[in-house]
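Based on the provided sequences and hints, a complete structural model is requested.
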Amino acid sequence: MSKVKQARWIIGLTLLFGCQQEPATPLSTVALPKKDTQVIQWRLATSWPKNLAGLGMAPERFAQLVEQMSDGRLLIEVYGAGELMPALSVFDGVSNGTIEMGHSASYYWKGKAPASQFFSSIPFGLTAQQMNAWLFYGGGMQLWEEVYQPFGILPLAGGNTGMQMGGWFNKLIVSPADFKGLKMRLPGIGGEVLKKLGGVPVDALAGRELYGALQTGAIDAAEWVGPYNDLPLGLNQVAQYYYYPGWHEPGSTMEFLINQQAFAILPQDLQAIVKVAARAVNQDMLDDYTQGHITAMEKLINEHGVKIVPFPQSVLVALKGARDEVLAQEAAKDPLFAKVLQAYLSNEASVKRYFEYTEAALNHVE
Numbered sequence: 000m001s002k003v004k005q006a007r008w009i010i011g012l013t014l015l016f017g018c019q020q021e022p023a024t025p026l027s028t029v030a031l032p033k034k035d036t037q038v039i040q041w042r043l044a045t046s047w048p049k050n051l052a053g054l055g056m057a058p059e060r061f062a063q064l065v066e067q068m069s070d071g072r073l074l075i076e077v078y079g080a081g082e083l084m085p086a087l088s089v090f091d092g093v094s095n096g097t098i099e100m101g102h103s104a105s106y107y108w109k110g111k112a113p114a115s116q117f118f119s120s121i122p123f124g125l126t127a128q129q130m131n132a133w134l135f136y137g138g139g140m141q142l143w144e145e146v147y148q149p150f151g152i153l154p155l156a157g158g159n160t161g162m163q164m165g166g167w168f169n170k171l172i173v174s175p176a177d178f179k180g181l182k183m184r185l186p187g188i189g190g191e192v193l194k195k196l197g198g199v200p201v202d203a204l205a206g207r208e209l210y211g212a213l214q215t216g217a218i219d220a221a222e223w224v225g226p227y228n229d230l231p232l233g234l235n236q237v238a239q240y241y242y243y244p245g246w247h248e249p250g251s252t253m254e255f256l257i258n259q260q261a262f263a264i265l266p267q268d269l270q271a272i273v274k275v276a277a278r279a280v281n282q283d284m285l286d287d288y289t290q291g292h293i294t295a296m297e298k299l300i301n302e303h304g305v306k307i308v309p310f311p312q313s314v315l316v317a318l319k320g321a322r323d324e325v326l327a328q329e330a331a332k333d334p335l336f337a338k339v340l341q342a343y344l345s346n347e348a349s350v351k352r353y354f355e356y357t358e359a360a361l362n363h364v365e
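So that you can map any letter, position 4 of the sequence shown is 3 in numbering that gives the first Met the number 0, and since no number is skipped, the others follow by simple counting.
Wrong hints could be hidden among the right ones.
Restraint-style ranges between C-beta atoms, simulated for each label pair [as the list claims (entries may be wrong)]:
1. A271 / A176: 48 to 58 angstroms
2. A331 / M140: 37 to 47 angstroms
3. G197 / R278: 37 to 47 angstroms
4. T294 / A132: 20 to 30 angstroms
5. Q40 / A176: 47 to 57 angstroms
6. E302 / K170: 18 to 28 angstroms
7. G197 / A271: 49 to 59 angstroms
8. S313 / A279: 38 to 48 angstroms
Quick list of in silico lysine-lysine cross-link-like pairs, DSSO-like style, CA-CA up to 30 angstroms [what the hints assert, rightly or not]:
9. K170 / K182
10. K182 / K298
11. K338 / K111
12. K274 / K111
13. K332 / K109
14. K274 / K179
15. K182 / K49
Read the hints as simulated data drawn from the structure, not as lab findings.
Backbone N, C-alpha and C define an ideal beta-carbon position, used for all residues, glycine too.
Next up, the structure:
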């Protein structure tokens with residue numbers, strides 16, 4: 000055998016035996032060393048009882064989504080109203096950095112930032128679908144951020160209860176005059192509208208306090224949310240009439256409040272995860288409430304015999320007129336309120352024109 004042939008033979012054997020060894024581990028199964036990861040822990044306080052259907056579950060689902068999407072790098076502990084702070088101290092808690100996040104409704108902060116009320120619900124205003132469109136594609140979010148900027152808070156839309164009911168009453172409402180002297184749990188601009196008609200708004204009562212207040216006569220009427228939350232509270236047991244429509248809150252947006260400094264130090268991917276999770280929960284809550292209201296309303300009517308009563312047209316006209324007066328008066332007192340009002344009303348007018356050709360048109364079919 001020549002030296003050349005011998006060399007070729009040795010190389011061939013080497014290649015042959017090499018092919019008989021265990022194959023290399025596929026790249027997809029190689030255990031790559033993990034980078035050192037820092038686990039960030041936040042606290043989120045809400046204005047709702049822990050795990051309350053709809054309102055209370057939204058922040059829980061948000062925390063779960065953030066943990067899953069961040070692979071456990073951002074953990075958010077959720078606290079119900081009263082566990083860390085009173086229900087209506089959430090705004091201050093986030094603003095001063097006591098907690099990193101909150102979940103509440105912006106109309107509760109009318110004393111701190113009057114314009115905040117536009118980002119929850121305005122009487123006779125936008126529905127949930129219309130509100131989302133304004134916030135995300137009509138400039139609403141930029142205005143909301145401007146309103147909260149002085150407080151060091153970043154707002155995110157955090158769910159919607161859908162159109163609410165008009166409330167539980169222990170007297171019939173036949174005309175606008177029937178509101179005179181009527182004590183009703185009604186927060187925000189809706190409460191100011193009630194006051195215009197001679198009513199007495201009470202906005203400091205939490206949901207769990209409404210049953211006792213109605214039972215004892217401390218209030219004559221109350222609105223909370225709608226069938227999904229009203230049925231478990233047993234409000235049908237202490238009030239005779241369930242009125243509609245919910246003129247005061249046609250689409251109530253909830254909010255996530257985030258401390259700006261806490262958010263700023265998050266890595267960019269975690270910032271994106273927080274925003275995407277909030278956006279998902281914003282829609283999820285609306286879906287939950289829509290089906291929940293439908294199911295609970297059937298029970299109220301068929302199992303509990305609740306009297307569902309419409310507000311007379313004359314009453315709704317009077318309430319709408321009072322709303323316009325209240326908005327004009329508030330705008331005269333606060334430039335930022337006036338700025339947001341102008342944007343809101345311009346959008347509202349366009350929305351209502353468009354919906355006359357679409358969803359609203361179907362309402363005229365008998």
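Checked hints:
The given range of 48 to 58 angstroms is respected by A271 and A176, whose C-beta atoms sit roughly 54 angstroms from each other. The hint said 37 to 47 angstroms for the Cβ distance between A331 and M140, and at roughly 26 angstroms that hint is violated. The given range of 37 to 47 angstroms is respected by G197 and R278, whose C-beta atoms sit roughly 42 angstroms from each other. A hinted range of 20 to 30 angstroms holds for the C-beta pair T294 and A132, which are about 27 angstroms apart.
At about 56 angstroms, the beta-carbon gap between Q40 and A176 stays in the expected band of 47 to 57 angstroms. Separated by about 24 angstroms at the C-beta atoms, E302 and K170 satisfy the suggested range of 18 to 28 angstroms. Restraint check, G197 to A271: a C-beta distance of roughly 50 angstroms satisfies the suggested window 49 to 59 angstroms. The hint said 38 to 48 angstroms for the Cβ distance between S313 and A279, and at roughly 42 angstroms that hint holds.
Restraint check: the Cα-Cα separation between K170 and K182 comes to about 11 angstroms, which is no more than 30 angstroms; the hinted pair holds. For a cut-off of 30 angstroms, the pair hint linking K182 to K298 stands: about 28 angstroms separates their Cα positions. As the CA atoms of K338 and K111 are separated by approximately 17 angstroms, the hinted pair is consistent with the 30 angstroms bound. Between K274 and K111 the CA atoms are separated by roughly 25 angstroms; this keeps the pair inside 30 angstroms, and the hint holds.
For the proposed pair K332 and K109, the alpha carbon gap of about 13 angstroms is at most 30 angstroms, so the pair holds. With a CA separation close to 45 angstroms, the supplied pair K274 and K179 exceeds the 30 angstroms bound. Only pairs whose Cα atoms come within 30 angstroms are accepted, and K182 paired with K49 is accepted, the gap being roughly 28 angstroms.
The structure fails hints 2, 14 (numbered hints given earlier, in ascending order).
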